[in-house]
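> Fit chains B and C to the known structure of chain A by using the hints.
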Amino acid sequence: MTIRCEKVRELLGGFHDNELQGREFRTVSEHLKVCAGCAGELKRLETMSRLLKAHYEELAGKEDLSQVWSRVSAAIETPGVSDGREPLLERIMKIFALPKPAWAIAGAVAVVVVLMLASLPGDHMSTLAANDCIIDKVDSENCSFMLYEAGATKMKIIWVIDQGSGETEQQTGVTS
Amino acid sequence: MLSDEQLIERIRQGDTTAFQALVEKYQKKLYAVAYGLLGNREDALDSVQEAFVKAYRSLDRFKGESSFYTWLYRITVNAAIDMGRKQGRRDEVEFLEEVEPEEEKGEYPVASSIENPSQQLMRKELGAMIEDAIQQLPAEQRTAIVLREIEGLSYKEIANLMRCSEGTVMSRLHYGRKKLQEILGPHVQ
Amino acid sequence: MIIVPLRKSLVTLATVFAILAIVFFANVASAKDEGYGGSARITVYVIEASNGVPGVDPEIREIVEQFEGAFRYSTYKLVSKIPKKVGLGEEEKFSLPGDRELVVLCRGYKHNRIKLNVRIVEKRKDSRELLNTDFGIVDGGTMIIGGYPHRDGKLMLAISADM
Numbered sequence: 000m001t002i003r004c005e006k007v008r009e010l011l012g013g014f015h016d017n018e019l020q021g022r023e024f025r026t027v028s029e030h031l032k033v034c035a036g037c038a039g040e041l042k043r044l045e046t047m048s049r050l051l052k053a054h055y056e057e058l059a060g061k062e063d064l065s066q067v068w069s070r071v072s073a074a075i076e077t078p079g080v081s082d083g084r085e086p087l088l089e090r091i092m093k094i095f096a097l098p099k100p101a102w103a104i105a106g107a108v109a110v111v112v113v114l115m116l117a118s119l120p121g122d123h124m125s126t127l128a129a130n131d132c133i134i135d136k137v138d139s140e141n142c143s144f145m146l147y148e149a150g151a152t153k154m155k156i157i158w159v160i161d162q163g164s165g166e167t168e169q170q171t172g173v174t175s
Numbered sequence: 000m001l002s003d004e005q006l007i008e009r010i011r012q013g014d015t016t017a018f019q020a021l022v023e024k025y026q027k028k029l030y031a032v033a034y035g036l037l038g039n040r041e042d043a044l045d046s047v048q049e050a051f052v053k054a055y056r057s058l059d060r061f062k063g064e065s066s067f068y069t070w071l072y073r074i075t076v077n078a079a080i081d082m083g084r085k086q087g088r089r090d091e092v093e094f095l096e097e098v099e100p101e102e103e104k105g106e107y108p109v110a111s112s113i114e115n116p117s118q119q120l121m122r123k124e125l126g127a128m129i130e131d132a133i134q135q136l137p138a139e140q141r142t143a144i145v146l147r148e149i150e151g152l153s154y155k156e157i158a159n160l161m162r163c164s165e166g167t168v169m170s171r172l173h174y175g176r177k178k179l180q181e182i183l184g185p186h187v188q
Numbered sequence: 000m001i002i003v004p005l006r007k008s009l010v011t012l013a014t015v016f017a018i019l020a021i022v023f024f025a026n027v028a029s030a031k032d033e034g035y036g037g038s039a040r041i042t043v044y045v046i047e048a049s050n051g052v053p054g055v056d057p058e059i060r061e062i063v064e065q066f067e068g069a070f071r072y073s074t075y076k077l078v079s080k081i082p083k084k085v086g087l088g089e090e091e092k093f094s095l096p097g098d099r100e101l102v103v104l105c106r107g108y109k110h111n112r113i114k115l116n117v118r119i120v121e122k123r124k125d126s127r128e129l130l131n132t133d134f135g136i137v138d139g140g141t142m143i144i145g146g147y148p149h150r151d152g153k154l155m156l157a158i159s160a161d162m
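Protein chains in written order, with numbering that gives the first Met the number 0: chain A, 0 to 175; chain B, 0 to 188; chain C, 0 to 162.
In isolation and in its complexed conformation, chain A is listed as follows (with noise of 0.2 Å):
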């Protein structure tokens, strides 16, 4: 291999990705027509790409992805959390700002009813989900987490989705 062969395959990359400009592609492409050893390895750079592209892509091809949009919408919509979007009482106090006064108090008094028969005794846990729970806060000093429902049962994660620095994989031994 030549000095000239040494700096070609430096740009050989370059050449490869389209990125080179001038002189830089001049000396590269008129190099590559005479010498079959670069010719032969900016080959092995496009096999390479193909390779790496394909498998990727072929990869995501076959994921099944459509726990996505469930897990996404479940995080969302999960009540608590800021979605950035306007704040639940606001939207509340829209809906009793309504024109009609008559409507706000019909609302008002049909809420005192449901009010009501929620706190009446008896069967009343069949209307609750098996694991209906609230979460009123969520709160880490390292760590940031996303809150989902999973199931009829509505059963809520607060999943760890990073760490801080101090935690390490090491730390695995049970000691219950």
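Don't read these hints as lab results, they were simulated from the structure. These numbers were taken from a predicted model, which means no experiment stands behind them. Just so you know, not all the hints are guaranteed correct.
[What the hints assert, rightly or not] Quick list of in silico lysine-lysine cross-link-like pairs, PhoX-like style, CA-CA up to 25 Å:
# : chain 1 : residue 1 : chain 2 : residue 2
1 : C       : 83        : A       : 61
2 : A       : 52        : B       : 62
3 : A       : 61        : B       : 177
4 : C       : 153       : C       : 83
5 : C       : 76        : C       : 122
6 : C       : 124       : C       : 92
[Unchecked claim] Far from chain B, some chain C residues (derived; all Cβ distances over 10 Å):
#  : residue
7  : 50
8  : 52
9  : 79
10 : 80
11 : 82
12 : 83
13 : 91
14 : 92
15 : 104
16 : 120
17 : 124
18 : 126
19 : 159
[To be verified] Covered stretches of chain B, going by a simulated chain A footprint (3 or more residues, C-beta under 8 Å):
#  : stretch
20 : 0-9
21 : 21-28
No residue lacks a Cβ here, since even glycine has one placed at the ideal position from N, Cα and C.
Chains B and C alone, transformed into the frame defined by chain A:
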């Protein structure tokens, strides 16, 4: 079919099905990059999901100066790198907010269904080798390779994302590819 | 002309009705809260979720079935099951893998829910609080806290509460 801008307008009016349409449109592309950066499907899916949630929650801040996909892409790459960093890789790579990826290139190709079992096995083994090789690269080289090879970003875009010069990008790609060739050996001959 | 008096009477009627309802509701609620026995049974299932050989420990199958769709793990292994009684206003500690512990404080029973404060803290000297959450869970309900790296997968804590 509605454009991204039309869908975003609908989302802003409270129509979450419009956001679902955007998620379904871009999830494959984003997953491919996240997988390349993180090396496993669980973290890749988590970071894609996190990116969509972040995008939804900060949609008010999206001013339409760049395409929605550009913006979403930036969030995803940052989420993936952040996740990789927090989960022990301690990557030194940090990202700026400015990057303009190439236009989307349409649907992903579907793997050929006429391969025989041994071809499928070879393909599977090669895939595992590729993933293993990518994960062996230092963080900066891996990031540059993934952004270039899978997503097709220009050197300028990668440089913006990685807070380095285009020359550094070229150098990282050069050494990254060299190492990949060493690991993958005969498969790239 | 008739609308104004009608509105007035409606407002009055609604106000009276609302006051009565609130008094009634408060009585029922407080009666229910008083019925609280003073302690809750908390069971913490420490689960390792991973993508090893597919399978679910029989003891946690019922729990896993309820959240399975939300995750992509193939293996759910019960690492430990820790039942404890937590008195009202008291704290109980549950040891977790990785030198951490789960601290559960029982705050009472309100609106059909057992109110708990749950913290995950590191046990070492300069211990940090990894998570602090308040929630109210229905009697017999289970909730999950998870996502902490553990061996080849993630740690999940299924917290069940009943009275």
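> For each hint, tell me whether it holds in the structure or not.
Hints, one by one, checked against the model:
1. Of the pairs offered as hints, the one joining residue 83 of chain C and residue 61 of chain A is violated, with about 45 Å between alpha carbons and a cut-off of 25 Å exceeded.
2. The straight-line distance between the Cα atoms of residue 52 of chain A and residue 62 of chain B is roughly 31 Å, outside the 25 Å bound, and the hint therefore fails.
3. A hinted pair counts as satisfied when its Cα atoms are at most 25 Å apart, and residue 61 of chain A with residue 177 of chain B does not qualify at roughly 29 Å.
4. Distance check on the hinted pair: residue 153 of chain C and residue 83 of chain C sit about 24 Å apart at the alpha-carbon level, within 25 Å; holds.
5. Between residue 76 of chain C and residue 122 of chain C, the direct Cα distance comes to roughly 24 Å. Compliance with the 25 Å bound is thereby established for this hinted pair.
6. Pair hint residue 124 of chain C plus residue 92 of chain C holds up; C-alpha atoms about 16 Å apart against a cutoff of 25 Å.
7. Listed as a non-interface residue, residue 50 of chain C fails to keep its Cβ farther than 10 Å from every Cβ of chain B; the least gap is roughly 7 Å.
8. Even its closest Cβ contact with chain B, about 16 Å, leaves residue 52 of chain C beyond 10 Å, as expected for a residue assigned away from the interface.
9. Residue placement check: residue 79 of chain C keeps its beta carbon more than 10 Å from all beta carbons of chain B (closest about 23 Å).
10. For residue 80 of chain C, the condition that its CB be more than 10 Å from all CB atoms of chain B holds, with the nearest at approximately 25 Å.
11. Its beta-carbon lying about 30 Å from the closest one in chain B, residue 82 of chain C satisfies the requirement of being farther than 10 Å from that chain.
12. Here residue 83 of chain C stays apart from chain B, with its beta-carbon at least about 31 Å from theirs, past the 10 Å limit.
13. Chain B leaves residue 91 of chain C outside its interface by the beta-carbon criterion, the shortest separation being 30 Å against a cut-off of 10 Å.
14. Residue-level check passed: residue 92 of chain C sits 27 Å from the nearest beta carbon of chain B, beyond 10 Å.
15. Distance check for residue 104 of chain C against chain B: the nearest CB is about 29 Å away, which clears 10 Å, and the non-interface claim stands.
16. With a minimum CB-CB distance of about 19 Å to chain B, residue 120 of chain C clears the 10 Å threshold, and the non-interface call stands.
17. For residue 124 of chain C, the non-interface assignment is confirmed: its Cβ lies about 23 Å from the closest Cβ of chain B, beyond the 10 Å cut-off.
18. Chain B leaves residue 126 of chain C outside its interface by the beta-carbon criterion, the shortest separation being 20 Å against a cut-off of 10 Å.
19. Against the 10 Å criterion, residue 159 of chain C stays outside the reach of chain B, whose nearest CB is about 25 Å from its own CB.
20. Evaluation of the coverage hint for the stretch 0-9 of chain B: breached, as 0 residues show C-beta separations to chain A shorter than 8 Å, against a requirement of three.
21. Given a C-beta distance limit of less than 8 Å, the hint that chain A covers the stretch 21-28 of chain B holds, as 5 residues qualify and 3 suffice.
Violated hints, in rising order: 1, 2, 3, 7 and 20; the structure is consistent with all others.
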